[in-house]
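Trainee: Dock chain D against the given chain A, drawing on the hints supplied.
Read top to bottom, the protein sequences are chains A and D.
Residue numbers for the first sequence follow our numbering, beginning at 1 and rising by one.
Residue numbers for the second sequence follow our numbering, beginning at 1 and rising by one.
Watch out, some of these pointers could steer you wrong.
[What the hints assert, rightly or not] Here are the simulated lysine to aspartate or glutamate pairs, EDC-like style, with alpha carbons at most 20 Å apart:
no., chain 1, residue 1, chain 2, residue 2
1, D, K170, D, D721
2, D, K212, A, E401
3, D, K562, A, E401
4, A, K118, A, E31
5, A, K212, D, D676
6, A, K562, D, E401
7, D, K212, A, D676
In short, the hints are calculated from the structure, not lab data.
Number of protein chains: 2
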Amino acid sequence: MSILLGLVIMASLLALGYAAFNFFAVKKMEEGTERMQEIAAAIRTGANAFISYEYRILYLVVAIVAVLMAIVTTWHAAVALVIGAVMSGCAGFVGMKIATYANVRVSNMARETGSIGKTVKVAFRGGSVMGLCVGGFALLGLFIVYMVFGLAMDQISVTDSSYVNLLGMKFVPFTMTLSGYALGCSIVAMFNRVGGGIYTKAADMGADLVGKTEAHIPEDDPRNPATIADNVGDNVGDVAGLGSDLLESFVGAIASGIILAYHMFMQSGALGTGMTEALLRKCILFPLLFVSVGLIACCVGIASLLIKKKMSENPHKELNGATYVAAGATIVLGFIAAYFLFLGEDPAVLKASLGFAVGSISPWIAATIGVVSGVVIGIMAEYYTSSDYKPTQKLAHASVEGTALTITQGLALGMRSCMAPCIVLGAGIVLSYMVSGMYGVSMAALGMLSFVAATVSVDTYGPISDNAGGIAEMSGLDPSVRKITDTLDAVGNTTAAIGKGFAIGSGALAALALMISYLYSFNEAGTDLILNMMTPMILAGAIIGAALPFLFSGILIEAVAKAARKMVDEVRRQFKLYPGILDGTQTPDYKTCISISSKGAIGEMKLPSLLAIVVPVACGFLFGPEFVGGLLIGSTLASIMLAIFCGNAGGAWDNGKKYIEVGGVEGHGKGSETHDAAVVGDTVGDPLKDTVGPCLDIFIKIMSTVSLVAVPVFAKFNLVDLIAKFFG
Amino acid sequence: MSILLGLVIMASLLALGYAAFNFFAVKKMEEGTERMQEIAAAIRTGANAFISYEYRILYLVVAIVAVLMAIVTTWHAAVALVIGAVMSGCAGFVGMKIATYANVRVSNMARETGSIGKTVKVAFRGGSVMGLCVGGFALLGLFIVYMVFGLAMDQISVTDSSYVNLLGMKFVPFTMTLSGYALGCSIVAMFNRVGGGIYTKAADMGADLVGKTEAHIPEDDPRNPATIADNVGDNVGDVAGLGSDLLESFVGAIASGIILAYHMFMQSGALGTGMTEALLRKCILFPLLFVSVGLIACCVGIASLLIKKKMSENPHKELNGATYVAAGATIVLGFIAAYFLFLGEDPAVLKASLGFAVGSISPWIAATIGVVSGVVIGIMAEYYTSSDYKPTQKLAHASVEGTALTITQGLALGMRSCMAPCIVLGAGIVLSYMVSGMYGVSMAALGMLSFVAATVSVDTYGPISDNAGGIAEMSGLDPSVRKITDTLDAVGNTTAAIGKGFAIGSGALAALALMISYLYSFNEAGTDLILNMMTPMILAGAIIGAALPFLFSGILIEAVAKAARKMVDEVRRQFKLYPGILDGTQTPDYKTCISISSKGAIGEMKLPSLLAIVVPVACGFLFGPEFVGGLLIGSTLASIMLAIFCGNAGGAWDNGKKYIEVGGVEGHGKGSETHDAAVVGDTVGDPLKDTVGPCLDIFIKIMSTVSLVAVPVFAKFNLVDLIAKFFG
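Next up, chain A with everything else stripped away, as it sits in the complex (with noise of 0.2 Å):
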């Protein structure tokens, strides 16, 4: 066992060392002009302010969770919670420091080598310091919590709710701590998804609103005073709320197999199918392994790339490339974990107690439909979002027809898109169970999860190069400089519809998992898992649970229009006032549009992150558990829609207007009115694609986590319970 426990951390380690060794080869390399300096250290300001003050905010926050906590729950999950706060505060203040420094970099290489592989190198090794980071701190996080709470002060064999707390109230510490813990990650990636998201688009809409569609003017034209905001937004809404993002996902993957196998114990235990403490060991163990091995072949599918000498000058190949290598790698090892760990148990009692109907590789075959499914996923997005397939050259032929047809053509294009991923979620939670029980369904999850710090490096990647093109073009660099920083960030765009299909598909696997473990801590030991959509309390939480995502995009939508008026209004009131910003005479105001943004979104972000936090809680203290059951199977459901749709049709239109651009609608070029009908398809999409959709994969990860912490307290003491026992 210990032996296995040295492997997590040495992954861990592992993973952070070749993220810091990338960090530094990174910002060792030139940065260019002085232009291209002073550009890129005011994006680093903007950004370092941005995330210090919503840091702040945060933290706050984070303190009054786990204060609560320690009164209501178990200190231990308290104290939990803010090392999960810290690791997932720290993995995303480091990628977004990286991308920062990364951006330059990458217009350099571009500017001094002409190279496509050269340049592409840089961003991905920018990249891979997010992606590594994630992934190492989310385990070494775990690795703490696990030696700390579960091996040194042995919660880890205590299978029952014998810890009372400071109200007297019953725990089960263990999986009370890795709730924790999971929370803690969960509050920072919404607050970093929310807030990221909202500046961004904010900052991008109103830049787009006057620069392009008033004054003009092409996209990240230092003319524009909203620019440099836009830019910053890149870095601390793609990148950092990227990678808080799905560190959170993976954390809350790893801790409900976890918390799983435990409920599963006790029940077992009740029944007296037999499943041994060893044995629950090895099912609390072989989450951590399974993700530990796949950091490890996250490195070296990183590393694959990385070490070439010679890259071809396509560059989404190379980029697939690692993260097939990284999955591949995954499975490979997974598989050699998973026998050797579950090898000599015995398969009537592994069918048993964990519905392992496969033997020992059972939780294997899981996890590996896990990373299928998540492929899969991520190549259905593309199909929905790239230039190169039919719905979104479909949608730019739609634009000749004007700018209502090609919002009609859009959200039909986004509604279509939501059955394909759908049909391989149903599939992979239905064969998954089928291999491994309900243990399995929460290893697929894991499975999708395993290679995250690949798919996040592919991910940063994209707003890096974004940010290189925006550096180039503001420093008035060579045309040339920016046509390979274009090539880079097209590819850029269609990795991010893949990691947008990724994230919410893990998502919801995620969440799903959570919600398990959720019924599990207050359905009666020794009975079977239910959530009855026929009990009315259950139904009801549902349907009102469905309509949660759409009040939580609707909130969100307002909030990106609000601070973005604010942005038009100012760069409207520039360049009234200071005439010679648009011949190029004056030096537009970059910092007041910075300052406008970071409000914006530090003003709109509280609304809809603490309804996340405190409408299952409220719900749960009113109408009790069950309903609150209904709440996060209805807004799970609702969300993965609303996430596909918005990521699908935000995605395709970005990709349309790109598509004309290029030329690809026969007479229709840059400039026509069949151009400014697609951008503002673009315009519109914006929002949803990069605000609405990726928060709503976090919205309801968030939900499921504070409710699986929240329960024990609400299952207590809720009102229904409390007029049903006065009545009678």
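Mentor: Relative to chain A, chain D alone:
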């Protein structure tokens, strides 16, 4: 008992008689000038041609389904299906017919008298024919089915699966017969809604896209070749489609109430809680009785407006008055019915076997909860879509910032608007269950629909007034006439929004009630009713089910866009070929446009309509009844959200545009850029609110109904069971 049955047929005949009286009262009015007569005749001919063509396809589908049903289920069900289809078909046909007579008479009344009050009366009298036909025909068919199969063939006293069909399969005969009747109504509703919905919006969008946006001629301008087709669309979509849809909800709620009573009796008999056969007969009779008194109440409500000597000049108040009188009278008469029907039954037995917590008036309370919920949901829809309130005003102001923010703000409004009605639905379900158990939930659905004749009358008033305005415009009547019809039309817009909220609310409850019956059909007697979301098959079904309405909506939107595009091409062609059209010296070719709309609608309606019918059956045979249970709950949840979203976003865009036109946004009137942006919003919203939203109501109901009919077959024969048997 026979007195009570007499009341049912009396109510039906009263409604149909009153409908006939109003029909001829309207028909004998003056049609006005020759030009008006010509235009009205053109609209009437177009509508007739479409309906008769549509009905030919429809009856082919009905015939095929009936033959299939006769073979695999029971021949009684097949006959009942045909009766249902005929009743629904008649209601839609008569309602459409009168609408095409009433429209021109409304214009003429406005022209001759200049009185809003008198004009409203004509429009409402026309609408009342549709409303009364919906209630009257539905009840007449049910009465026939009840008398012939229930009593004469004594199916009603057979409460077990003892009927053996041609293939040797067993059925509970009366529940199957009733399901067949409901399915007949469903199929007609599906085709009328989808076909009509595509027709009306293809014509409307086509007319707007060229007329308003390119040629800058006002709506309903006779120079626009698509304008007659647009007016035909109102009659086939908003009148016939709406009527069949609500008839289907009405029948679904009654049938599911009766079927549920059966299953509860079977369950309760096995459990020995003592539900007697006499009590069963009362439970079967109550839904019929309640809707009968509801129908009588509607006659009273409608008459209360029509016999008024002195009408106020506020049509909105008058129309609401009629609905409230009907709803109030339903509640009062329903109380008497419930009280006397269940009086004398032992409260303990009622409580144990039916969950009647408040004795004999329990089902009445549940139904009243439904009535109140329906009214409240309607009011909420009004709040979100009427320009009297903040959300739509805010949307109108967003148009100042351009098209993109108009769309964004509208999407946000639609999303936010989902929560409030869902809370009402959730509360309605929980409360009605507390009062009267599962039977109560189905009675709440019934209550919401019991005054359907009044709501449909008010809803139909809208398109009649809209058409009247179109005729006034096209006949070149005095602007004062158009002003009166505009007033009527504006009220119609609000009542339409209320009607849509009401349709989705009642549809959702009816679908849930059908789902309860569905679950009873294959769950073993004596067990609790369970739809456990933690069963992987059900969960997978729910995820895929939730994606279905999105797929369906996407297909529908594309269908409208495709048909609209053809219309655009035709209108452009005519403008180019005959330049005299725009000068008013040449008459456009209306007929070609009508035929394009017809062909487009007929061609495009097949895929989505069949999707709704085929998917649940195919899934049943492949994956079994549990999967379909998940499919139903998932698609119901997603459909509710999507329908509310579409209805409110679309309604708000429409009214936001009107708000700008009447000068609601200072400095930005008709013809401004702000108005142009609002027009784009309106065009985007059109297919959402008038095609997608309404079709989703019927989508969930037909899926539930078709599953209910097919479940006895696929519960026995399905691939999953086959494989399971094969492997062990």
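Trainee: Is D/K212 within 20 Å of A/D676, Cα to Cα?
Mentor: holds (19 Å)
Trainee: D/K562 and A/E401 were given as a pair; does the straight-line alpha-carbon distance stay at or below 20 Å?
Mentor: holds (11 Å)
Trainee: Taking only the CA atoms, is the gap from D/K212 to A/E401 under or equal to 20 Å?
Mentor: Distance ~14 Å between D/K212 and A/E401 Cα, so the pair holds.
Trainee: Would you check the hint for A/K212 and D/D676, treating anything up to 20 Å between C-alpha atoms as holding?
Mentor: holds (19 Å)
Trainee: Below or equal to 20 Å on CA atoms is what counts here, so check A/K118 against A/E31.
Mentor: holds (15 Å)
Trainee: For the pair we were handed, D/K170 and D/D721, check the Cα-Cα distance against 20 Å.
Mentor: With Cα atoms ~19 Å apart, D/K170 and D/D721 stay inside 20 Å; holds.
Trainee: Straight-line Cα separation of A/K562 and D/E401 no greater than 20 Å?
Mentor: holds (11 Å)
In this structure, every one of the numbered hints holds.
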